[in-house]
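Protein chains in written order, with our numbering: chain A, 6 to 241; chain B, 6 to 241.
Note that these hints are calculated values from the structure, not bench results.
If you're wondering where the values come from, they're calculated on a predicted model, not measured in any experiment.
A couple of the hints might just be wrong.
To be verified - Now the in silico label distances, taken between C-beta atoms and shown as ranges:
1) Arg168/A - Thr122/B: 21 to 31 Å
2) Thr229/A - Ala164/B: 31 to 41 Å
3) Thr114/A - Glu107/B: 29 to 39 Å
Glycine residues also receive a C-beta, built at the ideal position from the N, C-alpha and C atoms.
Number of protein chains: 2
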Amino acid sequence: MATSLPYLALDADDTLWHNEPIYQASQRRFRELLFAYHDPAWVEERLNVTEIRNLQHFGYGIKGFTLSMIETAIELSEGRISAAQIQSIVDMGRDMVTHPVELLDGVATTVAQLTTTHRLMLLTKGDLLDQESKLARSGLGDHFSAIEVVSEKNTDTYADIMRRYVIAPNDFTMVGNSLKSDILPVAQLGATAVHIPYATTWVHERVHDAQLHDIAYHRLESLTALPDWLAEQPSS
Amino acid sequence: MATSLPYLALDADDTLWHNEPIYQASQRRFRELLFAYHDPAWVEERLNVTEIRNLQHFGYGIKGFTLSMIETAIELSEGRISAAQIQSIVDMGRDMVTHPVELLDGVATTVAQLTTTHRLMLLTKGDLLDQESKLARSGLGDHFSAIEVVSEKNTDTYADIMRRYVIAPNDFTMVGNSLKSDILPVAQLGATAVHIPYATTWVHERVHDAQLHDIAYHRLESLTALPDWLAEQPSS
Chain A
6 MATSLPYLAL
16 DADDTLWHNE
26 PIYQASQRRF
36 RELLFAYHDP
46 AWVEERLNVT
56 EIRNLQHFGY
66 GIKGFTLSMI
76 ETAIELSEGR
86 ISAAQIQSIV
96 DMGRDMVTHP
106 VELLDGVATT
116 VAQLTTTHRL
126 MLLTKGDLLD
136 QESKLARSGL
146 GDHFSAIEVV
156 SEKNTDTYAD
166 IMRRYVIAPN
176 DFTMVGNSLK
186 SDILPVAQLG
196 ATAVHIPYAT
206 TWVHERVHDA
216 QLHDIAYHRL
226 ESLTALPDWL
236 AEQPSS
Chain B
6 MATSLPYLAL
16 DADDTLWHNE
26 PIYQASQRRF
36 RELLFAYHDP
46 AWVEERLNVT
56 EIRNLQHFGY
66 GIKGFTLSMI
76 ETAIELSEGR
86 ISAAQIQSIV
96 DMGRDMVTHP
106 VELLDGVATT
116 VAQLTTTHRL
126 MLLTKGDLLD
136 QESKLARSGL
146 GDHFSAIEVV
156 SEKNTDTYAD
166 IMRRYVIAPN
176 DFTMVGNSLK
186 SDILPVAQLG
196 ATAVHIPYAT
206 TWVHERVHDA
216 QLHDIAYHRL
226 ESLTALPDWL
236 AEQPSS
């Protein structure tokens, strides 16, 4: 791999492999667990509130999500939830961590193809061990020359990464499914952002249309369209 | 800061700031919580077993420790632990995350002094957000030109870091309190390892004397002795 190839940064969850469905399946089981206490819509709303409140202390990822489910279950059952049911929530967390990694369609071929034109950086947030483990199990690990697991994806994060890797914003391209985390901060720094929407978006990652006003970014329907799209761009 | 200065890698927990006492205080509260069910020594032993079993799924850090306390409480109480008591365990986890960062004696001055001779790398394992937050709250953040939060500290980890930062083993020095994580793998790679023991060591970080046979490393009583010790070493 020639070191002169430009960097291309790829998000992981819901860009390379399915992630949101794993959370949604757990949330479904969680709503069933609390069905005796509250209606599902209210359970979902309270869990979201707890999750977002806990982000500052526990960060993104399955462990914090599991602790938030436990707190929500205690709160919504007014302490009547049983220890066995709480154990089943911890087990749900462990199931999520060990869930098979399922690549999106065409990802394995596309990522291999991208290494012929770019040095690939995996740029993701979440629990460190969990993201490393998923990359290892994905079979994609050897294609990435840099792995960055970060605690938040904002303009400071991207500016720091460009500084550390000595990449000018003109030469930096980020690809991902989250307008909030993968697109907005990157576009604000004058770098190239490519949005590849996933079927569903976690409520915390949603952005208002107004935030996208005057923001320049590109949109592709699938990662498989990325090599051709990159080839069409004028080289900087 | 001249870019030609050599790198010096420092561990964080129990090397720069106190950490083990925060875990020990939580373990004490946990043993009290379960006093009605089992004697404290057995509670401590079972918690350690659960923690180490969960490392592969939840990794190092407070969130995994909190989930392990919850599982142990359910197991040892045979499901009789109350939801309110489980909530108190989650609260213990949140208290640990927000616990004030207390530097070891002389660390602030010593770290500032080390920046005149070295580029400092913080090299630590644990939860990403938690370690970043502690570094920010420590007031030491500006002294570090590199921050590496890793999921495990073994020879692969150190070899990868030396490769990424283009540091020859001859030029790499690691300083920390854990023989298992900071010293053994570094010495095995032929780099320089400086052990600064902390008052207590987590059982999982302990090593047998036999493992240290033929391992070359240095030992200082305090980080404050490090600048003079480094000045005495022949430059490579």
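Checked hints:
1. Take Arg168/A and Thr122/B: their Cβ atoms lie about 23 Å apart, and the range 21 to 31 Å holds.
2. At roughly 35 Å, the beta-carbon separation of Thr229/A and Ala164/B lies within the given 31 to 41 Å, and the hint holds.
3. Checked against the hint of 29 to 39 Å, the C-beta distance between Thr114/A and Glu107/B comes to roughly 52 Å, which is inconsistent with it.
Of the numbered hints listed earlier, the single one contradicted by the structure is hint 3.
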